[in-house]
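S.K.: Residues per chain are reported as follows:
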Amino acid sequence: MNEKELKDKLNGLRAEINGRRKEISQILSEVRAHQKEINSLRQLRDEGNEKCKTLSKEARQLREKRDALNRRIGELKEERRKISDKIKSLSSDIKDSKVKRDELNRSARGTDESLSSRYQRDIDALLNKDIPLDKEVKLFDGIFTLMQRLEAAKEATEFHKKVISTYEGIKGLDDAADGISNEIRSFADESEKYHLQAVEIYGRVDELRKEADEHHRSLLEKYELVNPLRDRITALRGEIEKVQEEMAPYAEEMDKIRAKREEEKKAKLAVEAKEKLKTSKRITFEDFRAIIEGEEINGPAESSA
Amino acid sequence: MGEFLILCHTMDFTPRELAEALVEKHDRFVSEYSDEIERMQQVVMLKEKRDQLLHWVEENGGKDSYGRELEDTERELKQLSGSFTVKGQGHYKQLRESIEEHRKSRDYWLDRLGELKT
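Order-wise, the sequence lines are chains G and L. Quick note: the first sequence uses our numbering, first residue 1, plus one each step. Quick note: the second sequence uses our numbering, first residue 306, plus one each step.
This is chain G alone, in the form it adopts within the complex (with noise of 0.2 Å):
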């Protein structure tokens, strides 16, 4: 291969490097304005997840508080059932005093203070009056089943005290109930009021995780976006390298024959330079320089100086 031909092949080979050169600046350009606005989704990603972890522990935060009031809310409940469950065993007691007390008092036929009286009145007539035997033998079998009814009639009045009794007992437990109702409809409310926040504060995190997922989306699509670039820029890399390799002999054997016609151009002003010595006795430098090197090309002439 001649030096135009050689020549003709280096520019060629040096025509392609420059093309993929300018393509790979090209590209670059397009990355770097994907990469300002990967760096912007990303931060707006970052900054989302960030407010999502802050808000979740928020609420989690709430979340912890609103069980713990729930839980005490059981606690409260567990001891009103055992109060409503005291309250029910009294009531069945109050019903079968009930029930003994009418009994006692269909048997008595009347009341204590009734009875009573009449029993003191009967006794009276007949262990202190002048009565008939007829009207005292009456009186005196009548007495024992006066008795029976007023023991019958005391019995029920202390039935009724039980009931009056367990009547007062049931109300100091129902308003221990309402007092725990009432503690319980607070803790209620309370438990509410941080359940409806840390719900709301999750509808937030959701909104800002779609938010930050939906950035992270639009990143994967620019990375999508990017990343044939880069492989492009990789590859156009390597085909340049390529050609670089290609173009190392033909540059070689170029810088060979340029070096050669160097050292003849070199060696024809030397053979000048010592023609003009001969004739003149006086060089220019650039001469001598001329004598010199032409001397470091071919050896130093005979006995020519």
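These are computed hints drawn from the structure, not numbers from a lab. Don't take each hint at face value.
Said to hold, decoys possible - Below, a list of computed lysine-lysine pairs in the DSBU-like style, where the Cα atoms sit at most 30 Å apart: (1) G/Lys278 / G/Lys268; (2) G/Lys260 / G/Lys4; (3) G/Lys4 / G/Lys161; (4) G/Lys268 / G/Lys256; (5) G/Lys129 / L/Lys352; (6) G/Lys161 / G/Lys100; (7) G/Lys9 / G/Lys265; (8) G/Lys138 / L/Lys409; (9) G/Lys135 / L/Lys398; (10) G/Lys22 / G/Lys161; (11) L/Lys398 / L/Lys352; (12) L/Lys392 / G/Lys135; (13) L/Lys392 / G/Lys129; (14) G/Lys88 / G/Lys100; (15) G/Lys193 / G/Lys210; (16) G/Lys138 / L/Lys398; (17) G/Lys51 / G/Lys36; (18) G/Lys135 / L/Lys409; (19) L/Lys398 / G/Lys129.
As the list claims (entries may be wrong) - If you anchor each label on the Cβ, the simulated ranges turn out as follows: (20) L/Ser339 / G/Lys98: 51 to 61 Å; (21) G/Asp102 / L/Arg401: 46 to 56 Å; (22) G/Thr166 / L/Glu420: 16 to 26 Å; (23) G/Asp102 / L/Glu420: 45 to 55 Å.
All C-beta atoms in this analysis are idealised placements derived from N, C-alpha and C, irrespective of residue type, glycine included.
Starting from the structure of chain G, add chain L where the hints point.
M.R.: Using the frame of chain G, we list chain L on its own:
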């Protein structure tokens, strides 16, 4: 009487105890009415004695032992009459009948006592 009052204020007695109390009540009425009749008879007797002594004192001028005995009788009658008034014979007749009724009643309760458990 105290025992009756105790029984009036307690219900812890048995039929037998009540029957015993009734026997005692009838004894008390018999005794009470008998006493009244006896005191009436005593007054009547003292009044008859006083009338007889008065008659004898009037006949003898009041200077013998009849006079002193009349004074004693008058004093005794006065003492007795101060706390006791003699009523009509119907009342004492009724008392005698009552005593009889109370005795019968007491006997009835004594019979019942035999039948009643403690």
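S.K.: Work down the list of hints and note, for each, if the structure agrees.
M.R.: Verification of the supplied hints:
no., hint, in the structure
1, G/Lys278 / G/Lys268, "holds, 15 Å"
2, G/Lys260 / G/Lys4, "holds, 15 Å"
3, G/Lys4 / G/Lys161, "violated, 135 Å"
4, G/Lys268 / G/Lys256, "holds, 18 Å"
5, G/Lys129 / L/Lys352, "violated, 33 Å"
6, G/Lys161 / G/Lys100, "holds, 12 Å"
7, G/Lys9 / G/Lys265, "holds, 25 Å"
8, G/Lys138 / L/Lys409, "holds, 16 Å"
9, G/Lys135 / L/Lys398, "holds, 22 Å"
10, G/Lys22 / G/Lys161, "violated, 111 Å"
11, L/Lys398 / L/Lys352, "holds, 20 Å"
12, L/Lys392 / G/Lys135, "holds, 28 Å"
13, L/Lys392 / G/Lys129, "holds, 21 Å"
14, G/Lys88 / G/Lys100, "holds, 18 Å"
15, G/Lys193 / G/Lys210, "holds, 26 Å"
16, G/Lys138 / L/Lys398, "holds, 27 Å"
17, G/Lys51 / G/Lys36, "holds, 23 Å"
18, G/Lys135 / L/Lys409, "holds, 14 Å"
19, L/Lys398 / G/Lys129, "holds, 19 Å"
20, L/Ser339 / G/Lys98: 51 to 61 Å, "holds, 57 Å"
21, G/Asp102 / L/Arg401: 46 to 56 Å, "holds, 54 Å"
22, G/Thr166 / L/Glu420: 16 to 26 Å, "violated, 46 Å"
23, G/Asp102 / L/Glu420: 45 to 55 Å, "violated, 37 Å"
Hints 3, 5, 10, 22, 23, counting from the list given before, are not met by this structure.
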